[in-house]
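S.K.: Hey, can you piece these two chains together into the complex? The hints should help.
Protein chains in written order, with my numbering: chain A, 5 to 409; chain B, 4 to 151.
These are computed hints drawn from the structure, not numbers from a lab. Predicted model, so just to flag it, every value in this text is computed and none were measured. Treat the hints with care, since some could be wrong.
[Stated by the list, open to error] Cross-link-like lysine-lysine pairs, in silico, BS3-like; alpha carbons within 25 Å at most:
no., chain 1, residue 1, chain 2, residue 2
1, A, Lys80, A, Lys342
2, A, Lys187, A, Lys319
3, A, Lys373, B, Lys35
4, A, Lys187, A, Lys317
5, A, Lys404, B, Lys126
6, A, Lys342, B, Lys91
7, A, Lys404, B, Lys133
8, A, Lys405, B, Lys101
9, A, Lys405, A, Lys373
10, A, Lys66, A, Lys110
11, A, Lys331, A, Lys317
12, A, Lys342, B, Lys50
13, A, Lys8, A, Lys390
14, B, Lys44, B, Lys90
15, B, Lys126, A, Lys24
16, B, Lys126, A, Lys405
17, B, Lys56, B, Lys19
18, A, Lys263, A, Lys195
19, A, Lys317, A, Lys80
20, B, Lys126, B, Lys44
21, A, Lys77, A, Lys319
22, A, Lys373, B, Lys44
23, B, Lys126, A, Lys20
24, B, Lys19, B, Lys133
25, A, Lys77, A, Lys302
26, A, Lys317, A, Lys94
27, A, Lys241, A, Lys79
28, A, Lys342, B, Lys90
29, B, Lys35, A, Lys404
30, A, Lys242, A, Lys80
31, A, Lys342, B, Lys44
32, A, Lys398, A, Lys342
33, A, Lys373, A, Lys144
34, B, Lys19, A, Lys398
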Amino acid sequence: MNIKDVKNYFPIFNQKINGKPLVYLDSANSSQKPKSVIDRMVRFYETEYSNVGRGVHSLAVKSTNSFEKTRDKVKKYINAIFREEIIFTKGATESINLVATTYGDKFINKGDEILITELEHHSNYVPWNFVREKKGAIIKFAPVNENGEVEIDEIKKLINDKTKIIAVTHLSNVTGAIMPIKKIVEIAAKKNIPVLVDGTQGAPHLEIDMQDLGCDFYAISCHKMYGPNGLGILYAKKKWLEVLPPYQGGGGMIDEVKKENITYAELPAKFEPGTMQTAEVVSFSEALNFIESIGIKKILEHENNLMEYALEKLKKNNSVNIVGNPKNKGSVICFTMKGIHPHDIATILDDDGVAIRAGHHCCQILHDKLGLTATARASFGVYNSKDDIDTLCKAIDNCKKVFNI
Amino acid sequence: MELRELYQEIILDHGKSPRNKGRCDQFNRDAKGHNPLCGDKVHIFLKLNKEMKVEDLSFEGEGCAISLASASILTETIKGKDLNVAKKIISDFLDMIKNEVKISVNSLSDDQKTTIMSLSGVKQFPMRVKCATMVWHTLTMALEGKND
Chain A
5 MNIKDVKNYF PIFNQKINGK PLVYLDSANS SQKPKSVIDR MVRFYETEYS NVGRGVHSLA
65 VKSTNSFEKT RDKVKKYINA IFREEIIFTK GATESINLVA TTYGDKFINK GDEILITELE
125 HHSNYVPWNF VREKKGAIIK FAPVNENGEV EIDEIKKLIN DKTKIIAVTH LSNVTGAIMP
185 IKKIVEIAAK KNIPVLVDGT QGAPHLEIDM QDLGCDFYAI SCHKMYGPNG LGILYAKKKW
245 LEVLPPYQGG GGMIDEVKKE NITYAELPAK FEPGTMQTAE VVSFSEALNF IESIGIKKIL
305 EHENNLMEYA LEKLKKNNSV NIVGNPKNKG SVICFTMKGI HPHDIATILD DDGVAIRAGH
365 HCCQILHDKL GLTATARASF GVYNSKDDID TLCKAIDNCK KVFNI
Chain B
4 MELRELYQEI ILDHGKSPRN KGRCDQFNRD AKGHNPLCGD KVHIFLKLNK EMKVEDLSFE
64 GEGCAISLAS ASILTETIKG KDLNVAKKII SDFLDMIKNE VKISVNSLSD DQKTTIMSLS
124 GVKQFPMRVK CATMVWHTLT MALEGKND
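Just chain B, same shape as in the assembly (with noise of 0.2 Å):
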């Protein structure tokens, strides 16, 4: 296990100052989630236009270097994008994490696609696995309107 791998630049810097932090204005979708075992916590707030599209993203939560890092590059990632793209993005997000599968969605650039992977470091401490993941989660919720 490399330390290393897991605590990136990347990682830490966005740990270190998360972008899109708090609520962004006329959103019109929001969900919450919540890890039980350690009592981190984070709440999506986004704005899907008329044209399904996410116009705007952005959360407010308390957490470790990981999940806000997470939380921090998932807005990044997913605002501006159309809901079928952010589905498939969150969809293979998941997979990377579990199955190692490398990110494939082609309107990602290539600087994009490599922040996403360096939360891949994760799958070495299946512990922090969660940490990673409960704020994609959360999103999929708010896209799909479940309220928490």
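Extracted from the complex, chain A is given alone in its bound form (with noise of 0.2 Å):
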């Protein structure tokens, strides 16, 4: 597939904001969809839909294959060894969320210390909070240097004989740093450490291979690499999958119940309870078919020209002030403008199509450090283009006759 028409492949293009084109440049936020993981969608529903892995008629035989298929594709895609490795999730969130509870619960005790960073997005902070208000543990923060990114040392020194994980984004949402993953592996291996990667940011925009970056365990969000919403991944290796405890119980995840005595069932169904999202699942193979379709490299490599593109061109306008400069940066950026905040900001790119998000974006952690309570974000996707950068700019130049500036 040629990059310049990916565009045609995405049906929400076909439509005006504010009867201007729309330019969509909140991809951090999550990310449109191909009209093929739609299709699939639909598909599924009208022809194979059933529940998964409980019936033995034709249909449940036909989505329980659909759906586990896709997990085999999974873990091809990011090089797992185990496809009982794979845990689908609600999303991101839920992924974290379920290392920190049943990872706390077992190995986290009074005094430990969970080691973080304050690139972090509240849902790699809040659930490692739990854990603090819940076993009188600590958590440190991994301090950010004035270009937006964290050094290796700074983790480096905050590591002890305390530190019972360590765990980090790939690439930050709000200024693009991307961390040093497999250094940050090799230094806590050394000290039997686990490394947990929140690859929100890091799954859609980067090569992620878990056998070159060593991690335990990586948080994976659908939504944000083309594909369906309401499902994410965890990653995690197996030895930990095995002596973790089940995250949250129901049916489908049991081996045998009685009135005494509960067993579970084998990976990766013990983490998996209840009814699962079926058809997310079986079109989420579609959002990897599209990825694979034009290959990962070529969409890092447009999306890291069309950063460099916007860079250059926000760098020459005097009323923007860029948020970061970190050395490795992903296609996320976030800015500032003198005398307007970034939801006016926000509301008048809005009316000439261009959509952007304006906030904190959940890390108020590190907005608190940089002195900022809100920052404006473009972030960009496979389907965009110089135009839509061009746009943007023209954009941000009408704000400024917005505000009489």
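M.R.: Right under this line is the structure:
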């Protein structure tokens, strides 16, 4: 598939927003869906739908097969060793909560330390706060520097014998900083400390290979990877999934249920209780097919080119201040404007059909550190073009006009 | 949706140079408002005297042009009003944003009414309504003596 034609595969762009073509620069929030993913979902409901893993009738077999095929596809895509290392969840948030709750219950005690960074999204801090409250654990924050990145030495400094887990983002949803995961895993491994990676932004915008990264846990948000909403993935090394207790109880995750005693199902069912998001899982295969039909390397190159182009143009604009300047940066640009609050920027940009996000992006710790209450964020996806950036820059100039600046 | 209806001159002016910003002397009531979605904050300070009149009123806070303008206009409008009149203006304001009802309080001048009405453009921008209304809800809390 040629990257220039990609927009045509996304039905959302067949409409005008406030009379203008849609310029969607909010993919870090959620990505749009290619037609193949939407079609797959419809076809599944029309011809294959049934609950998975329970019935013996023909439809149950069909849907179970399609569901489990996605697990195989994900395993291959992220290069996991075992298919049961892929656990479907309702989102990256649930994936992290699963690990924080079960690992926290079993392995974290009073005075133990959880090491995170100031870059973390609330979903990689709040679940650890639960462990802090419940167990009397301590959360340490590796600080960000003036470029909006966390240096490896800052993490090194905070590791000690009390450190029980390191939980870090792969790619910051604010500054775009890409964390040196391999180096962190290398340092952590020397002390047998597991590493959880919040791959919410990393999975859609970087090459992800679990054997290369070496991390113990990796959380994925499928709706940011051109896949359906309401679906996430937890990759976890089998050795952890075997020893961690189940996260939630219900049907499908049990082996035998007696009045005195319950035994739990084998992996991966142990961590997938209740009726799963069947159509979402099945159609996520098509999202991965879509990414593979272009190639993640090409997608990255395209997004990086757009980012460089946007940074160059925005830096020339005296009213715009770019937040953060990390050496390794992914496809996110946060900015502020002199005299115009980010919410006002977002409203005025919307009038020109340009969709961005404004606020603290669920990173209040980072915004406090940077001395900002809110920022405006433009984030890129495979369907964006240089024309989109040009429209963005014109719309930014229009903000100044509206505010008489 | 008309952008100019939202960002009228009067709103830009109040947003850029908000009146009554800071802590007023001898305040005896205050309340904080917070929008957890965007992180905007406002802190209302007021002095309610023995005659139940809002003798002084001010605010501290950070936010967008709409929220700052709304806070600024609120302090100008409510300062000097009796408690009951203040409550009526608040309910009229919230009614105006929700139901397009006109401001009916007799003790306001036409100019004051026009100023308040300038905030009604926010109706067309559902995601921004809270920017305009938060400070008015916060004032209610302060008047009722409910802190935060």
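S.K.: Starting from the hint list further up, note which numbers the structure goes against and sort them upward.
M.R.: Hints 1, 2, 4, 6, 8, 9, 10, 12, 17, 18, 19, 21, 26, 28, 29 are the ones this structure does not satisfy, whereas the remaining hints hold.
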